[in-house]
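**Q** With the sequences and hints as input, model every part of the structure.
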Amino acid sequence: MMGSPTLTGASIEVRADFPVLERTGRDGRPIAYLDSAATSQKPSAVIEAMSSYFRHSNANIHRGVYQLAEEATELYEGARRRVAGFCGSDATGTIFTANATAAINLVALSYGREHVGPGDEVLITHMEHHSNIVPWQLLCEDRGARLRYLSVSDEGTLSLEELDSVLAEGRVKLVAVAHISNVLGTLNPVGEIVARARAAGAATLVDGSQAVPQLPVSVSEVDADFYVWTGHKALGPTGIGVLHGRRSLLESMRPAIGGGGMIGHVGLDRSTWAEPPAKFEAGTPPIAEAVGLAAAIDYLAAIGMERVRAHERELTAHALERLPAVPGITVYGPRDPEGRGGVISFAIEGLHPHDVAELCDREGVCVRAGHHCAQPLMRLLGVGATARASFHVYNTHEEVDRLVEALVKARSVFGL
Amino acid sequence: MAMDELYRDYILDHYKSPRNFGELDPHDLQWHDHNPLCGDELGVHVRVEGGRIAELRFHGQGCAISQASASIASEELVGMEVDDVARLSADWVTDLLGIDISPTRRKCALLSLKVMRGATSGDASWPESQSV
Numbered sequence: 001m002m003g004s005p006t007l008t009g010a011s012i013e014v015r016a017d018f019p020v021l022e023r024t025g026r027d028g029r030p031i032a033y034l035d036s037a038a039t040s041q042k043p044s045a046v047i048e049a050m051s052s053y054f055r056h057s058n059a060n061i062h063r064g065v066y067q068l069a070e071e072a073t074e075l076y077e078g079a080r081r082r083v084a085g086f087c088g089s090d091a092t093g094t095i096f097t098a099n100a101t102a103a104i105n106l107v108a109l110s111y112g113r114e115h116v117g118p119g120d121e122v123l124i125t126h127m128e129h130h131s132n133i134v135p136w137q138l139l140c141e142d143r144g145a146r147l148r149y150l151s152v153s154d155e156g157t158l159s160l161e162e163l164d165s166v167l168a169e170g171r172v173k174l175v176a177v178a179h180i181s182n183v184l185g186t187l188n189p190v191g192e193i194v195a196r197a198r199a200a201g202a203a204t205l206v207d208g209s210q211a212v213p214q215l216p217v218s219v220s221e222v223d224a225d226f227y228v229w230t231g232h233k234a235l236g237p238t239g240i241g242v243l244h245g246r247r248s249l250l251e252s253m254r255p256a257i258g259g260g261g262m263i264g265h266v267g268l269d270r271s272t273w274a275e276p277p278a279k280f281e282a283g284t285p286p287i288a289e290a291v292g293l294a295a296a297i298d299y300l301a302a303i304g305m306e307r308v309r310a311h312e313r314e315l316t317a318h319a320l321e322r323l324p325a326v327p328g329i330t331v332y333g334p335r336d337p338e339g340r341g342g343v344i345s346f347a348i349e350g351l352h353p354h355d356v357a358e359l360c361d362r363e364g365v366c367v368r369a370g371h372h373c374a375q376p377l378m379r380l381l382g383v384g385a386t387a388r389a390s391f392h393v394y395n396t397h398e399e400v401d402r403l404v405e406a407l408v409k410a411r412s413v414f415g416l
Numbered sequence: 001m002a003m004d005e006l007y008r009d010y011i012l013d014h015y016k017s018p019r020n021f022g023e024l025d026p027h028d029l030q031w032h033d034h035n036p037l038c039g040d041e042l043g044v045h046v047r048v049e050g051g052r053i054a055e056l057r058f059h060g061q062g063c064a065i066s067q068a069s070a071s072i073a074s075e076e077l078v079g080m081e082v083d084d085v086a087r088l089s090a091d092w093v094t095d096l097l098g099i100d101i102s103p104t105r106r107k108c109a110l111l112s113l114k115v116m117r118g119a120t121s122g123d124a125s126w127p128e129s130q131s132v
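Top to bottom, those sequences are chains A and B. No gaps in the numbering here: position 145 of the first sequence is 145 in the working numbering, and each next residue is one more. No gaps in the numbering here: position 28 of the second sequence is 28 in the working numbering, and each next residue is one more.
None of these hints come from the bench; they were simulated from the model. Given the structure is predicted, the values throughout are model-derived calculations rather than measurements. Take the hints with a grain of salt, since some may be wrong.
[Unchecked claim] Computed cross-link-like contacts, DSBU-like style, restricted to lysine-lysine with a CA-CA straight-line distance of at most 35 Å: (1) LYS107(B) with LYS16(B); (2) LYS409(A) with LYS16(B); (3) LYS409(A) with LYS107(B).
**A** Structure (structure tokens):
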């Protein structure tokens, strides 16, 4: 049995819960994994829960009358209730998808197609991940609608005044925005954005992929019509995402994907639909993944999301303080750790981000380099790519220091 | 400064002072492409004389490997028959670079040849290795 994970100030006692962190990198030292914004590492509790499911309880869910199927069904539906509770949502409005991308596409294909028409507008921001851009491009192209972007300031923030002025033109039918930017780390005022959009008659979607893993999030407080996130960035497995949808909308929406499990009655020519959430879960769902995700959020809840947030903020503050010591560095996003999550993008003059990441890897420091699936934002920043470090509960101040050392060393390899 | 197995002196020299970089006007052939993995962009302008590459200029932004590969390749490409470029394989570039390229950096190294093959034959596919 696992003890309760604890975070004591800056020194973290959860590292032993993450088996992969024991492995060494190219330099023979344990890796400094600073890429949790891409995917988080998994605690033993998640690995064990999924393994135990496959060893002891594996069966397809719903309709099975034998004990095993009953157990699997209860594990899956129990996971849904725990995930809903964790995010301050209700189970009937909590739909399991393949990932956050699938959840956004579901909304675009189902709600979007019915409510966005010729001449209408979908409003997103210049700091969105491709997953919150491309589904809306496809929708707007299909429906003869226009996709608009809110600009991003030099400090990496959105302007509520600009939001108001675009909404005032009266054509916006849907607003979709990231809770935390996966590049800039900006913590957006999503509650305020949702309230203003609603007042203007627009539906709202918030992409919480970077927020749910590191902040206390109450979906009912944000009050968006749709709130999506993904399991694998929140210490859970890949292959599962979550869509929290407003019940009244889910009930009236036509499903975008048809198949088994989502029907009421199937006739030869037409069918009726099951109630939400089943209505939007065609086919055998990610059962083991739901079990793993439930274990992940139980693990996070045992630490306490307030403390997870405090830890992220402390590491981010430390990084924001240390990184400027690297000559030629530009750090993107808000300066104040209060206004951002544990994601920091940066560039070093004379060193391409790919080379930065390669040279960090020599020191066992895992950072990401590239466009981070945010090409419109890269163009706005005037760069082709950035390097990015991101943190989670298992990261330490020492690892941030190792990053800074690796960056200084990288410059010397390039004779800078 | 320690000798690095990837970032060798000549690689860094070509990265910092790339040969045949810039624009070329007028030009007879041109192509522009990017590496979808990282968003790096590379374009080329080529002037042709009597079926041979008389002059070329690469332009764009990229990492040390992609920029050095374009610079080193450019020196070999001048004087080459235009029709011969389509026959160059991925090995041609990696041999020219003379360093071990990991799978994650392979496209960085191959982007310059991809762009040149596009300019000379319209072939937009990634160059492949002959020695499989």
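**Q** Keeping to a limit of 35 Å between CA atoms, is the pair of LYS409(A) and LYS16(B) held or broken?
**A** 18 Å, holds
**Q** Starting from LYS409(A), check that the Cα of LYS107(B) is at most 35 Å away, please.
**A** 25 Å, holds
**Q** Assess, step by step, whether the Cα of LYS107(B) is no farther than 35 Å from the Cα of LYS16(B), and give holds or violated.
**A** Status holds; Cα separation ~20 Å.
Consistency with the previously given hints is maintained throughout, with no hint failing.
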